[in-house]
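J.: Okay, here's what each chain looks like letter by letter:
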Amino acid sequence: MSLLEIDAIDAYYGESHIIRELSMDVEEGEICALLGRNGAGKTTTLRCIAGATPPDVRQGAIRFKGNDITSVPAEDVSVKGISLVPEERRIFPNLSVAENLHLAEVVNNKSNTWGRSLSFGRTGMSTEEVYDQFPRLDERKDQRAGTLSGGEQQMLAIARALKQNTDLMLLDEPYEGLAPKIIEDVEDAVKRISDAGTTILLVEQNAAAAIKLADRAYVIDQGQIVFDGSADELRDDTETRERYLGV
Amino acid sequence: MSEEDANPNAKDANPSSSEALVGSDLFGRWEQLRGREGTVVGLTAIFVAVFPWLFARAPVVSDFLQGYQSLATLILIWGIFAIGFDLLLGYTGLLSFGHAAFWGGAAYASGIVAKNISGDPIVMVVSGTLFAILLAWLLGFLSLRRGGIYFSILTLAFAQMMYFMAASPLAFLTNGENGLTGVDVGNLFGVIHLEADIPSIGGMLLGTWLYAFVGFIFVAAVAVAYRILNSPYGMVFRAIRENEQRAEFVGLNVWRYKLMAFIISGAFAGIAGSLFTIHGAYVPLQSLFWTESGDIVVMTVLGGAGSMFGPVLGVGVYLYIENIVSTVQALTIPFTDIVLIKDFGFYWHLLLGIVFVAVVWVVPDGLWGIIGRVRTFVSDRMGGER
Amino acid sequence: MARDTKPLNRRDVLKATGVAGLAGLAGCTGGGGGDGDGNGGGDGEDYPSLGNYPIEGDTATFGFNVPQSGPYASEGEDELRAYQLAVKHLNEGGGWVDSQFDDLSGDGVVGYTIDYVDGDTATDADQARQSASGMIQRDNAIMISGGSSSAVAIAVQGLCQNEKVMFMACLTHSNDTTGKDCVRYSFREMFNAYMTGQALAPVVKEAYGEGLKFYQLYADYSWGQTQQASMNQFMTDVAGWEQVESVATPLGTTDYSTYLSEAQSSGADVLILNHYGLDGANSIQQAVDAGINEDMEIIVPLYNRPMAEAAGGAIENVYGTLAWDSQIDNAPSKEFTEAFQSEYDRVPSGPAQVAYAQTLQYAAAVERAGTFYPPEVIKQLEDYEYDNIGMGSEVMRGCDHQAQRDVPVVKGLPGSEQESGKYYEIVNITSRDDLGYACDAGPAAECELGSYE
Amino acid sequence: MSILSDIILILLNGLQQGAIYVLLAVGLSIILGTLKFVNFAHGALYLIGTYAGVFIALNISLSNGKLFEWGFTTFGLDLGFFAALVLVPILVFVVGLLMERFVARPFYDRPDTDQILVTFGLAIVVQELFRILFGSNSLPFDQPETILSFGSFAGIPVSGPVALPIVGNFPQWRLYVIGITAVLVALVYIMVEYTDFGLVVRAGTRDAEMVRLLGIKITRPYIVVFGIGAALAGVAGVVGGPLNVVNPTIGTNILVPAFLTVVIGGVGSIAGAVVGGIVFGLTTAALVSLAPAWSQVGLYAIAAIVLLTRPQGILGDEEVAP
Amino acid sequence: MPLLETENLVKEFGGLVATDDVNLTVEEDERVSIIGPNGAGKSTLINLITRRLDPTSGDIRFKGESIVNLEPHEVVQRGVSKSFQTASIFPDLTVRENAEIAALAAERGAFGFEFLRHRDALTDVHDVARDTLNSVGLLERADTIATDLPYGDKRRLEIGIALASEPDLLLMDEPTAGMSPEETKSTVELIEQVKRDHGLTFVLVEHDMEIVFSISDRIVVLSRGGIIAEGTPDEIRGNEAVQEAYLGGVEI
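Line order of the protein sequences matches chains A, B, C, D and E. Per my numbering, the very first residue in the first sequence carries number 1; after that it's consecutive. Per my numbering, the very first residue in the second sequence carries number 248; after that it's consecutive. Per my numbering, the very first residue in the third sequence carries number 634; after that it's consecutive. Per my numbering, the very first residue in the fourth sequence carries number 1087; after that it's consecutive. Per my numbering, the very first residue in the fifth sequence carries number 1409; after that it's consecutive.
In isolation and in its complexed conformation, chain A is listed as follows (with noise of 0.2 Å):
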């Protein structure tokens, strides 16, 4: 059984048709890349898989861990162990580093009953892990995170994530509007990720520095998949790579 699967899903924005039978399948322990330009349909399926609406999926199912996850709130998919580092960060500006990191563990907090209690026995990583992976964020834990440079606010964001009781993380866009030396650094954080066992679904345009981290890579365009196969088999399908993702 697969971590994630996929099963022909169709579905919509509004009464756009974005996403057509798309089905595809996140293996524990690996880094699987989703590739393909924009508008191709990447984001919107990582907002079906993390429950954001809209989209809104009419038809198929999405699993993960062998339960049917299909149509189930964002808030219970996120405690079910999938966290989504969306496009653009989106941490919250007015709060200081600190206030976001601790926003994503006060559903783990048991003092407060905002969010559903929680079973699991494993929680996401301690303020002093985090800070650990990621030194800048300690210097500037009391700084607006919209202070930030965009480099370190990608780092909240995958921190953040990291703070949640995760199993798959789904990285949309980590490296957009990232100078290369920060994409390194980026780099890093997510190898480190994986190799502590996180399971990572990463969409990328930018093709080659995905297909460098990925294990396995789906290509999708016009919101079905055209290309399913090992990151080396795309480094060496040439057809694809220019097809459906340069130019």
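The hints are simulated quantities; they were obtained by calculation from the structure and are not laboratory data. Predicted model only: the values in this text are computed from it and were never measured. The C-beta atom is built at its ideal place from N, Cα and C for all residues, glycine as well. A few of these clues could be false.
[As the list claims (entries may be wrong)] Quick partial rundown of chain A residues pointing at chain E, CB under 10 Å, derived from the structure:
{"hint": "1", "residue": "A61"}
{"hint": "2", "residue": "Y244"}
{"hint": "3", "residue": "L245"}
[To be verified] Residues from chain B that keep clear of chain D, each with C-beta distances beyond 12 Å, as calculated:
{"hint": "4", "residue": "I293"}
{"hint": "5", "residue": "S365"}
{"hint": "6", "residue": "T402"}
{"hint": "7", "residue": "I445"}
{"hint": "8", "residue": "S447"}
{"hint": "9", "residue": "M451"}
{"hint": "10", "residue": "W456"}
{"hint": "11", "residue": "F463"}
{"hint": "12", "residue": "L566"}
{"hint": "13", "residue": "V586"}
We have chain A; now place chains B, C, D and E onto it with these hints.
T.: Chains B, C, D and E in isolation, oriented as in the chain A frame:
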């Protein structure tokens, strides 16, 4: 209410009816007719002509309705106000909470003109309306800079400013709290005393010259409003309501159209406010208070914002409940003496509030929308039998 | 306005169709009274039709337009009780009809049974006019009475003048009602702001002494303005006091703390709060909370019951005037209080007495005139002298339709001594001789009554 | 009267008038800011709070209304003011929860105008219900003589005047109004700034979906926000009720100034509501001193000017995305 | 003289440079596509040209005149029209009215005082609206309420509204986003037909490379706010900088 039964077919502002029901039978021809401007105005005129008789003097019907002449006049006056208000709320999608400024402002302006310059009814209407137009231009120019709730609050703030100005700093003009008394309304065309009854059959139908005067202006207001809705403006107003940004991006100067909607709406309020002064020969200070703005909102929405006659229906229902149902002492089962609710009239405002909430909640197109649906249902049935 | 000219009286039709209309909405029940004994009529021959005259059928309808919602509803309800009592006495005898009004028989008025309709003014001039015009046009009321505010009374009496229907003003205290806004068809039993100043001055002078300084706050509308002007005039002229300052408080003020603070530090000895009703309850309550009553004496020119109820103990030792009170010790007052109490089991308020008196006064004038034809009734009321309603010997002056009468001056009781219907003690009844003004002076100078027809 | 005492009086009077507006505006503002819900029935919550306060604190005598007709001539629990101060917020909190569930929630996705209309209608219904039950005349809501009295402890006297330096006598209760407001607003501020609950609310105001993606069921804190906003309006009714007469129109009468307070201060921030209320109160007090006849006109003019020149309100900057 | 040119156009949001010194020229009758990876600044550029956003610096000229200080509707009046990424239509109006509104603005200007003129008398407006609906294939559905149209037809209507404004330059923002392959195909046909019939100049922002390469005369590639390449489809296809921008710039 039977005054509405008189014209359930004098219809919507939307002439290009989506139901293309064209047949050679009578019903089909009727459907064709009802959209036409002349038909609408004609039916309105017929309605205006028989309304006071049905309401206040007809055997059985008026005994049942308990209507009276001056309320009939008042319903038409508020009806003009509501038609204008609906141009703004229903068609352009702007909720003003300060239309008392135009209604009351025009009422005061025409009253002050009557006291100091001329009591000629036409001069009063013209001066009150001009004042309302100028005021609407100014307040619209300022308020339309903000959208949504901020627009509503701005209009409210401006209208309240007018109220407090009339209450005290301008009391030398407005007579403050006591209201503007001693308004002498002159004769129409110098000869017709408005308070007098119309002789012969005209009097039997219309009652007073005042009603005839108001009724004439009401029909004219319906004709003008109907024409505006069928002019480029009507289309642009609805376009702004539907999708303001798109309207801007097809090259329309949305801001100026909104301002025009505001001014036109203010002008209707002004006509109505001036007639209100002529009707009562008196201007209450409350005519500027924000509850008056609230009343016109309630009336319009109750009847059905975004339709031509819905707001007039809303006015009728509101004023009927306020003035007639409120005096009913016991609600009884028809034709018996069994009392269902004692002191029924005492609950009139509560009743109105509940009906209003229900309308907003369940039928956003108001009572008129309900009538429309019943009509569609019936016409579908009739169509189905063919 | 259009008159109902069809032969069948609409109210009769109404009764015939039952208390309920088809949808059950039309169940308008009036007071008592059937169709009368059929002996009336007769008086339509001599006079042209005017307003709602002549009356069709055997029943004459009065319209009682009182606040039934809004802040003065309790006062309005008490007025309505008095009106209902008056109608009952007119038709069946009892109360002053038997004891004080020789003109009245207790068997209807000039052969007509009296019926009534009531309406709600909500203390809103606009709504009051709508209500009154319904009574006039639909119910063919021959006389309207009511009011619990000057703006309402002025608005309605203007309408009545236009409609040629008589208006017997109940509680209205503004100078304007019988001053610049006076009309031929309206009569006022209640005294006005001007007379309040005259009535209070000698009393407070005696209570507090001469040579004091006073500070006024007044509601910034016509009643408040005229009230503060007359207080200034009479406190200065009669009591020999000196005004420090007079400050307007805008309409709609609910928080007087800033005004009161300034009054407090002005060095004045007396604070006059020219606020009526709930405004008055607010300002006096706030004045007491601020401890002003510790350093200054407070005067409230005009009391009413809702205000006293709302202000509670704050009115302790505060002087003011009052329309009438059940504690007044004379025969008519006692008789009215007894009649009212036996009917309703409660103590009548001042406005109730005015309402009752005005209704009987009108009916008596109709009897004297022998007709409901309004100009004749008006002529019977103008300059009529009477001494039968418990306020001494009075005259209803012809030049401005203002009753010349005594004015009771009262002092508020402490909260602990207050009980339902009893909030003040009577300290003086200032005589009519010490009050009033000539027809060419004071408010009357501005009055033009208008035509009879 | 010296200029100094003038100024102090304007400050004190302005603060205490502003205090009531602050209590109303904080609730109105956080509901508007977090839930994007325009609540024209907020005044009705104030009304409910005031009447509940009268009912709990006192034993009043009624003289009209249906309750009176049904035989309730005297009415109330007579538990004292402190009990009202504690119980009313709880009661109105519950009313707020019900209102959120049954009125606000169906309208979250509908336009502003529909929200305004339905809550405006609801305000009419509530006002009329109170008018019908309690009558339309005013109830006396006396200021408490003392607060915190229980058992043998007589309590702290709060009514009547207190002598202040420079300005002389000042109504003591009004100082308590300022104090109670300050304490409550501080509590709410602490709750919003320093608790997990507040963190969720602040984050949710900015990006509710992201909060949900973090596993937090955002609707629960939102409902609580609505309840807290309502409870504050209820408290305003209890502490503000004794300052004025109590009748069924007080709810609608206070709504307009409360809304102006919100927009002056800036929607969505507690600090904005506080600043808005203080500015509104001080402006009123100052205008009343300087130009009484124009004070109301001036107040609305100032509100309009703020709306036109600074639509985000005085403290609205915080809420503008970087 | 180019129909449209931007000169050193810069737009910053806070510290972020969304449009970086862009010098774009579009000649009359030219079909230009703007492509680029996510966040390249395509939408910002379009929004600057339609005056929905104010540039931080630089100039935009249309037919040789600067339009930087104009209101959006004035830009439309000059002849720049835009079709939106989603179906931005007037949902409760009929299809015909949707087109008429745009035609009204084109024929009668941004604002007029004809509020007492029956719109049946505006024959010019009706003609334009009818022609437009005909050319987008919606004439038969003219009396349908727009919201009742299927999605593909709504998008056609969207394009129809833009065309009824009688533009000299049409900016199309992802005209096929969210369409089924069949809808996409028919939309491409529509664009080509419009190109034939109206001889329009247009600027297309599109992700679907097939469409881009098949209908463009020239392609402009944006990345990180700036133009990194422009040229004919063939030139772009082989351009390394472009491949790098899309595929990540790392040797594979």
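J.: If a hint holds in the structure, say so; if it does not, say that too.
T.: Here's how the hints hold up against the structure:
1. Residue-level restraint check for A61(A) is violated (minimum Cβ-Cβ distance to chain E is 22 Å; threshold 10 Å).
2. Given hint, Y244(A) at the interface with chain E, holds; its Cβ is 9 Å from that chain's nearest Cβ, closer than 10 Å.
3. A hinted interface residue such as L245(A) counts as satisfied when its beta carbon comes closer than 10 Å to some beta carbon of chain E; here the least separation is about 6 Å, so the hint holds.
4. No Cβ of chain D comes within 12 Å of the Cβ of I293(B); the nearest lies about 33 Å off, and the non-interface call holds.
5. A cut-off of 12 Å between C-beta atoms confirms that S365(B) is not in contact with chain D; the least separation is 30 Å.
6. Residue-level check failed: T402(B) sits 10 Å from the nearest beta carbon of chain D, not beyond 12 Å.
7. The claim that I445(B) lies off the interface holds: its Cβ sits roughly 39 Å from the closest Cβ of chain D, which is beyond the 12 Å cut-off.
8. Listed as a non-interface residue, S447(B) keeps its Cβ farther than 12 Å from every Cβ of chain D; the least gap is roughly 45 Å.
9. For M451(B), the requirement that its beta carbon stay farther than 12 Å from each beta carbon of chain D is met, with the minimum near 39 Å.
10. Every C-beta of chain D lies more than 12 Å from that of W456(B), the closest at about 37 Å, which supports listing it as non-interface.
11. Listed as a non-interface residue, F463(B) keeps its Cβ farther than 12 Å from every Cβ of chain D; the least gap is roughly 33 Å.
12. The Cβ of L566(B) sits about 16 Å from the closest Cβ of chain D, beyond the 12 Å cut-off, so the non-interface label holds.
13. At the 12 Å boundary, the C-beta of V586(B) stays outside the reach of chain D, the nearest C-beta of that chain being 15 Å off.
Checked against the numbered hints above, the structure violates hints 1 and 6; every other hint is satisfied.
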